[in-house]
Amino acid sequence: MKPRAELFKKILVANRGEIAVRVIRACRELGIRSVAVYSEADRASLHCQMADEAVLIGPAPSLESYLNMDRIIEAARRTGSQAIHPGYGFLAENSDFCRRCEKEGIVFIGPNSAALELVGDKVRARQAMEKAGVPIIPGMKSVAAGLEECVGQARKIGYPVMVKASAGGGGKGMRIVCGEDELRPALEAGQREAKSAFGDDSVYLEKYIEEPRHVEFQVLADNAGHTVHLFERECSIQRRHQKIIEESPSPALDPELRAKMGETARKVMMTARYNNAGTVEFLLDKDRRFYFLEVNARLQVEHPVTEMVTGVDLVQQQIRIASGQTLELRQEELRQRGHALECRIYAEDPASQFLPSPGRILYLKEPRGPGIRHDCGIYSGWEVPIHYDPILAKLIVWAEDREAACRRMLAALDDYVLLGISTPIPFLKDVIRHPVFREGKATTGFIKAHMDGWAEAAKDGEKLRLALAAAAYLASDQKPVYRPEAAGAGAGEAYSPWKTLGRWRLGE
Amino acid sequence: MEFEFLIDKQKDKITVETGKGVFRVVGPDGTQDLDIQRISDNCLSLLAGGRSHQVFFARDKGRLLLWVDGEQFLVQEPTNEAGGGRRAEEGAREGLWRIAAPMPGKVIKFSVAEGDKVRKNQTLAVVEAMKMENELKSPGDGTVKKIYAAAGDMVDTSKPLLEIESGSI
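Quick mapping for you: the protein sequence lines, in order, are chains Y and G. Mapping to our numbering: the first sequence position 200 is 200, numbers consecutive. To convert, count from 1 in the second sequence and add 1000; that's our numbering.
So that you can see chain G by itself, here it is in the shape it has in the complex:
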């Protein structure tokens, strides 16, 4: 079986053979048998050629979080490309920036209104979380096309707060 994952946002593949109590990883330079023991709902023990590794894991909304010997990995489905908030730059290709809050929080204020012309790095909105205010800046020159929230709203990183249509002003 070949599995394809997004691991830390990078596509990666692994081929394994399972059955008869063996979990075999098939690589270009040969195979490796892993002895995998499920310890609990959140823990695996891996023995690889006699070397012992601890793995902890948890799942949440299309994410698998893995901890392997002190390092963390984020695993997602390969189709789930952005995996959460769309990055502002990605929208720019269509001449449109969709700007989401950088963290879940509360909108303190919008500094612009729909139809406003904005310059690069101009403050668009202020979002607060955990007693820290964060300013959302415009990624470029353009026009505020749409505002999706209002001051006082609780927002997360998955939905855009506003859209900016890029263009000279």
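Same shape as in the complex, but just chain Y:
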């Protein structure tokens, strides 16, 4: 037997927050040194504290720090890092960065640049996949040349149609068009948005699939082309085209459809000559027909649900593959066991259109218990910066079946204490309690159809009374509490916890 390729000695993690922490943990377990990069706004962040080394790469704005290729490459060279893990977002799917790494002799922990380029171009990817016999959403196979062509194409496809950006992703440049009179403004708006988001205004038309489910397949491929899929994740619970709850297995698939979609996902990746970890996204329509949507050429936010049901550590596999090791997983040996759910904990206020809520985390108590995992980039006392994506943490549970996983998730959310900033925890509880979700019937329209105008239910009267009693107790509690800063200054003075709150109005 051939000896396995040696693992890297040191990896630079070109990201921040919970995903950087996740990668650093994987490095530790593999005995690899980790290098964090951080912006001026992130000196106190968890990833910076946890890594073996940390390099300042610039000011707070992402463009000058986490998106600054020169500084990141320089940091990798200076620290002697052999590889860069890009996490998700930032430079993860940037083929220029991937090529820069290849040229510099630093291993990019992700796909090769040619595969990344192919799957990053939606129109080219559609063409390649159709040729390979992968079902794609009916629509144009090339970029729209002008309005006349689009009018003709839209008639052929049949309304409603969707305007999509060729370089697209994340809902940018996307428009639904229900009739011919809406086509021109939608095309113009789509082009404008695509131009400003991706620097490329190419758009094309596709059939709009109504009430679809979003089902994606996790794939791993080694550098020699050995490719396996690790089953699906269902991510239909989305707001603003952004996922908030994910699960595996999908309640919509049976073993036959799962096998068919899984094989198709492998075919997609092999067609693209893809290596490392990636995800093939599909839309599943009402009649259980599935269509190739796109490839996410990175580790996904929701990767933990796959890890929970398959028992495979995807980040460690990514690192092994990038080091040149052969993927030892065999498709026929992979199993999905039990059920996993993930809830994303964002810094946002679900009661006011999910507006971001940056600020200081005054207290955090993570939920604990069997089958509970918390991938987290935050801690008590940390100020959540306003410059970056609002994802704070992910709560993942595993249980024997879907219903048990739902119950475990509800119990874990009930046990999750995060004081200081708004989070969608009460909203997430209501989604999981919702009968449509509970029966496994939710489509991507779920939030709009069932949770629109959501407000937190009236609080429990008994808990309100206890809260009042606790507030009164804390107000009347004169016991000195040891505080280091108080011990130095006003020596001997009893600390009243209420001093900071000014005076309370006391009746009688």
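To be clear, the hints were calculated from the coordinates, so they are not data collected in a lab. Since this is a predicted model, take the numbers as computed values, not measurements. Ideal Cβ placement from N, Cα and C applies to all residues, glycine included. Not one of these hints is a red herring.
Simulated DEER-style distance windows between Cβ atoms:
1) Asp285/Y / Lys1120/G: 36 to 46 Å
2) Leu1047/G / Ala457/Y: 21 to 31 Å
3) Ser476/Y / Pro1028/G: 12 to 22 Å
4) Ala60/Y / Pro1078/G: 30 to 40 Å
5) Ile1169/G / Ala60/Y: 32 to 42 Å
6) Glu1135/G / Gln49/Y: 35 to 45 Å
7) Ala44/Y / Gly1152/G: 19 to 29 Å
8) Ile1108/G / Ser476/Y: 41 to 51 Å
9) Gly1115/G / Glu462/Y: 46 to 56 Å
10) Ile1169/G / Pro251/Y: 53 to 63 Å
11) Glu439/Y / Gly1095/G: 50 to 60 Å
12) Glu439/Y / Gly1115/G: 50 to 60 Å
Computed list of lysine-lysine pairs in DSBU-like fashion (alpha-carbon distance at most 30 Å, straight line):
13) Lys1120/G / Lys172/Y
14) Lys260/Y / Lys141/Y
15) Lys459/Y / Lys1013/G
Following the hints, complete the assembly by docking chain G onto the known chain Y.
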């Protein structure tokens, strides 16, 4: 002792008797003794008639945040009425709207200047936080009286960004 609080922005009162290790809540229908144990700087354990309740708390700038068995409560001083950003509607009574950012963030741009006439729902400014842009709209017809910030400024929700004098235009 009677305590008055704003709890979730609603005024509420509670009467308690303390001393000799007992914490007694006095209500209209009788009294209830609570056994309250301070667990840590952020945690209390409450036993009420044998039922156990967990309470977590944290304080910040005139706010007490309480978590009781999975539900959160915001406690403020009764005098601290608005508790943070003044709501736009409140100013309208004096014919003046003071408009604050809906979230802490960075001002991307002002779409109006002092002296401009604005219509209801017209965009006044764009504030960005966490990669999300949010447009501030005019709550009614009027004139931009004062602008307190400039594009590029970091702002929070406590201070107004601009003032609109209401009136037909």
